[in-house]
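For the record, the sequence lines run as chains A and B. Quick note: the first sequence, position 13, residue 13 per my numbering, numbers continuous. Quick note: the second sequence, position 111, residue 111 per my numbering, numbers continuous.
Keep in mind that the hints were calculated from the coordinates and are not lab data. Every residue gets a Cβ at the ideal spot worked out from N, C-alpha and C, and that includes glycine. It is possible that some hints are incorrect.
Stated by the list, open to error - Which bits of chain A does chain B cover? Going by a derived footprint, with three or more residues having C-beta under 8 Å, they are: (1) 3 to 14; (2) 195 to 203; (3) 207 to 216.
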Amino acid sequence: MDWGRVRFFLGEVFRNFTRNAGMQATAIGTVAVTIVLLGGFLYVRAVLGGVGHDLLQQIRISAYLQQNASNATIAQLHAALLKDPRISSVQFVPKSVGLKELRKETKGVIDLSILTKNPLPDVFRVSVHSASDVPAVAAAVRRMPGVANVVYGKTIVRRLLHLGAVMRRVGIAVIVLFLLVAGIIISSTIRLTVFARRREIAIMQLVGATSAFIRLPFICEGFLDGLLGSLLAVGILAVAHAALWSRVFRALPWLHIDPRLVNTPLFFAQLLLVGAAIGVIASWISVGRYLRT
Amino acid sequence: MISLRNVTLAYPNGVRALDNISLEIGKGDFVFLVGHSGTGKTSLLRLLYREMAPSYGEIIVDGIRVDRLKRRRVPALRRHLGVVFQDFKLLTDKTVWENVAFAMQVTGAHTKDIMRQVPRTLDMVGLAHKSRMYPGELSAGEQQRAAIARALINNPKLLLCDEPTGNLDPANTTEIMELLQRINLKGTTIVVATHNQAVVDRMRRRVVRLEDGRIVTDEERGYYYLGLGQSQILSG
Ligand SMILES: Nc1ncnc2c1ncn2[C@@H]1O[C@H](COP(=O)(O)OP(=O)(O)OP(=O)(O)O)[C@@H](O)[C@H]1O
Ligand SMILES: [Mg+2]
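Kindly generate the complete structure, drawing on both the sequences and the hints.
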């Protein structure tokens, strides 16, 4: 290891970095804001996505059987439902049990004792693995022999699925926009440094430095901008996470938010990676453009 | 060392700076390029260190086909030659020592070699005692010596000088030319583009004269003006 060489290189990077401190701070700040927004967005999306997922998981398909369905038909139907790989569980609720449940739920509200016979049909309650399969499975069950009608929360499923798709699309657009802005700011910062160092660059080229060598300090500068910016952002997000997480829990217990939903160390590491990558890519582009002209 | 065959250089704006030039310069030669302002001296040097590529023609420098050189091969060519300019092009925020070492550092030299080579070269140009000073603290002549040291640090076989004494007084001019001569004696090929009549006439070396982008004369022991020494002009 040639420490003289290392020291020279670090000296060059440090010189670049401190020459334009104001602009450097702007770049770091922009990256920080971008990563906070990006991180916050992904975070909320992960949490809400989990909630939506939970809601969807609670949606069951109720298949009401024909009143005259024979025991054999019911058994066949049960077997057919269990065979479908999309279906996670099947529960048979005979009409007697259904009536009992109804009595319990309506106790003191409606007097069901006036009923002389049980008007309810037998029901299969079907759960599926993936919420997006609900409509298709419901349609398939509807066509099976012995099934009179199929009921599920059609609108809520459709809305949740739609909401998920919209959020994904909006999310990607917003993220791309943020990254673009941060990239442009870093690249302008590097361009300023390149401009400030144009004499050095000219000398380097004159004495035969390779463009990879000329590039390296600027790439490091971009990397530092990106890394420091995202470190700042991760700090802010970590504080926000610590302050808000338990409060959200207490405020919204019915959401069943799983604390393991967001793997924070991994999540933060990914944000750092994203920040550093923006810095490297942006500076690569702006130095490359300068060296080619 | 240098070979140009039917070289033409047209700038993008249409100016034909060099027009069908052919020139051979041998190893260890010392050559002056003279001619009026705008006749293509600087342009010719630019072709040699591949600052520009010719529009037509073949250029060979130290065995390298310069006219067809790919961009990523240019650094290798530049390490074979040194270039010195009228305005020195020193980095003002680095000391003399750092300026000279810079040329080694950015071409990936080992620190051990840098520590050995830089003092030796500074000693040769007579700047060893001012190695810790900044260019702003030096006289013009000393700055040019620092620039020459930087150009020589990687032991090039060819030194290209564009008006090296353009900013210097007569005393400094003489010193610099003596330095170049000493370097030439060690075997380095030297090409000097200059307007300085006194220098050319005193040294009596090979003189290549350009006019409107063409070589009009090429004399083995020439004067600044065709066939005439300074004294002859003055005396009438
Ligand atoms: N970058 C450029 N773009 C366009 N034309 C140029 C460029 N550089 C030089 N020229 C033109 O090319 C011609 C030769 O210029 P060059 O600089 O080689 O002359 P020179 O002999 O070095 O002059 P001087 O003695 O004044 O330094 C001139 O007509 C000049 O205007
Ligand atoms: Mg010139």
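Cross-check of the supplied hints:
1. 3 to 14: holds (count 4)
2. 195 to 203: holds (count 4)
3. 207 to 216: holds (count 7)
Of the numbered hints stated above, none is contradicted by the structure.
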